[in-house]
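A.B. asks: Once you have looked at the hints, place chains B, H and E on chain C.
If you want the building blocks of each chain, they are given just below.
Number of protein chains: 4
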Amino acid sequence: MLQFAKVADKVSQEYDVRIILTPQPSDIYLLAKETKHLLIFAQHMDPISIGRGNGSILPEALKAAGAVGVILNHAEKPMSLAGLSLAIHRADEVGLATMVCADSIKEARAIAHLAPNIIVAEPTELIGTGQTSDEEYVIATTTAIKKVNPEIQVLQAAGISNAQDVYKVIKAGADATGTTSGIMKAENPETMMIEMIRAVRKAWDETHRF
Amino acid sequence: MLQFAKVADKVSQEYDVRIILTPQPSDIYLLAKETKHLLIFAQHMDPISIGRGNGSILPEALKAAGAVGVILNHAEKPMSLAGLSLAIHRADEVGLATMVCADSIKEARAIAHLAPNIIVAEPTELIGTGQTSDEEYVIATTTAIKKVNPEIQVLQAAGISNAQDVYKVIKAGADATGTTSGIMKAENPETMMIEMIRAVRKAWDETHRF
Amino acid sequence: MLQFAKVADKVSQEYDVRIILTPQPSDIYLLAKETKHLLIFAQHMDPISIGRGNGSILPEALKAAGAVGVILNHAEKPMSLAGLSLAIHRADEVGLATMVCADSIKEARAIAHLAPNIIVAEPTELIGTGQTSDEEYVIATTTAIKKVNPEIQVLQAAGISNAQDVYKVIKAGADATGTTSGIMKAENPETMMIEMIRAVRKAWDETHRF
Amino acid sequence: MLQFAKVADKVSQEYDVRIILTPQPSDIYLLAKETKHLLIFAQHMDPISIGRGNGSILPEALKAAGAVGVILNHAEKPMSLAGLSLAIHRADEVGLATMVCADSIKEARAIAHLAPNIIVAEPTELIGTGQTSDEEYVIATTTAIKKVNPEIQVLQAAGISNAQDVYKVIKAGADATGTTSGIMKAENPETMMIEMIRAVRKAWDETHRF
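Residue numbers (numbering that gives the first Met the number 0), protein chains in the order written: chain C, 0 to 209; chain B, 0 to 209; chain H, 0 to 209; chain E, 0 to 209.
Derived from the structure by calculation, the hints contain no laboratory data. Any given hint might turn out to be false.
Said to hold, decoys possible - List of simulated lysine-lysine pairs, DSS-like, C-alpha gap at most 27 Å:
hint	chain 1	residue 1	chain 2	residue 2
1	C	K105	B	K146
2	C	K145	B	K145
3	H	K145	H	K201
Looking at chain C on its own, in the form it has when it is part of the complex (with noise of 0.2 Å):
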């Protein structure tokens, strides 16, 4: 993961393109620690205060081992609605970024109300599926997430495998993608990882510089 990370830091800067890394709690530290470009955002965070909460994963201990910012509300860990809107007044008290799962156009504009800083629209029957969300649902979701809140990003997720598929995605108005199965899953996971950030830039490029 280190190794990784120092290569996804140099194309980072190489790219002037801003790479957010998710790495487990245990691995923030070293891997903030190891790079300079990195965002490296927490995989969950619990709507807690200092004190009571063994076990759960405090706010303030992910900023001070170096995270920029939180997922929050995974497919893979939901968060009731008031858990999620506490948490996210807890990463703004603390200074973490906010990234916040829906798996819907009608809980991405719910979500939006809660004012996290970026919306992962990810619809989750596509999650690991190869199969990226079409054109469509792009525009139609940033369209309505923007809608209430245009400070908000936007990060287009599911099904993204390939370069091709992040290129897509970035020119249908994407703010973002993501993957971890296309990367991960890659016959060379840092190959893959270059020509992604490439496809982001020269997407980038055609749609918001000319």
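C.D. replies: Using the frame of chain C, we list chains B, H and E on its own:
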């Protein structure tokens, strides 16, 4: 409970006020069978379909027993956002009205995007305290919810301890109100309930008829 | 369900075999009222007392509706050890028999220390597969449980699909057996149930009377 | 925390007393790297394997970060019996010692069948109150656990607020003791910790060496 329900049933007819009663699931059948006007809502329902789910509450079973609706996301039974969204969908499928609890204005707005029939605006910190949501909060939540979806009924719930509280909250624009502790802790729960229904009638007529 | 329960009720009397039926909580009242010999057990119960707990299953309410027992810790509704321990205590207090699920021999032994009335030895991986726990497993779990507490009845549950499976498991020393899928997926569930009860009678008589 | 850990590390060596420190997962790496004698245990671990499980705590990740053990089933992070059983199995697989919390004698006995390395006998009602488990409780739980499995170490935890409490509990036969509030609420936590370690040494020597 049956005796109380029968009194409520008569009062509902007499004052032409719709009363929702939310018993334990095992009490639904008897209460639905022995009353004519009461609306029996389950306290919770799981977002499952017929098949696996031993120990969970099946939507179809509630409907078959005589329930006409269900509470979802009560502060004492929080649901994940995805679970809540699916539960509302399942309730719509089987023909159960949905009453979803929210404990802040932003949560109320978020929930409104999931299109339940009723939102209970009940700041958690006030439950059971005898301190009512003030008029400003009533107006703010009602406005926020209706702006997202004007068809949603807004039930203002926290801190209702007597008929005067009921009167105030309906006058402030709530579509409905509710209490458990306000009735159950009263010296005479039946009398308190009757007084509260009268207060609803009076406040509603003053606000809506003239 | 009511029709099925009435048939089971007659069969229970005719063959002098105790039958436990485990319906949804909202079906308990009607099934308990309309049958005489069936033992109606709830599918789950929360370890709560009268007071807070909207959306949870109250022991007293199950008892009042006519349940005589409750399943706890089903593989589809796992409980924490502390919650399970408290739930058994609450069930004892209100007079509900407890039937606790275990999915390995070591879990069965652990649960035996909490002194439920019945332990369901049901290796999770076999549920609904049609593959029975073999005789060796039946003997091993029964022996392990009785060694900790000989008063606990052992119900061997996994993979029962026909009367022959029932016969084998009772002959192997089980105090009881059970199935949902084996009956519900049968061409004629009532016939299958009757055949299974006959198999219990036959196996029990061969094992215990002579 | 790092400074405190370094003091504990020296004290552990000086008094030849094994000290377990249980930090947030994101602090494990640094604390394990900067100390030599301390035993770093994670506060919780999920019973998962490499693959899915975003937001859960992966056993392999804790091990890689330098943890040598893990707390399971803390009163603030209760686990299902099946989950606890699987977590102990996973910990054994990756080489992490297991310390499982029990809050009654019967739960302690039940957990003993799952063969963890350490059982924490900590009646929930005493946590953080400053009231120690009395000698009778210490003897009863230790005896009950060792009877099921004599290899399990018994840590008596509740209500330890000073060195005298530590001395008494070790003299009463506990293999170990522990506290969070007793140290963190002390005027000088480092001094309190050192006094407690001295008390362990003294009580242990009086009980076991002579």
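A.B. asks: Now tell me, hint by hint, if it's right for this structure.
C.D. replies: Hints, verified against the model:
no., hint, verdict
1, C:K105 x B:K146, "holds (16 Å)"
2, C:K145 x B:K145, "holds (20 Å)"
3, H:K145 x H:K201, "holds (24 Å)"
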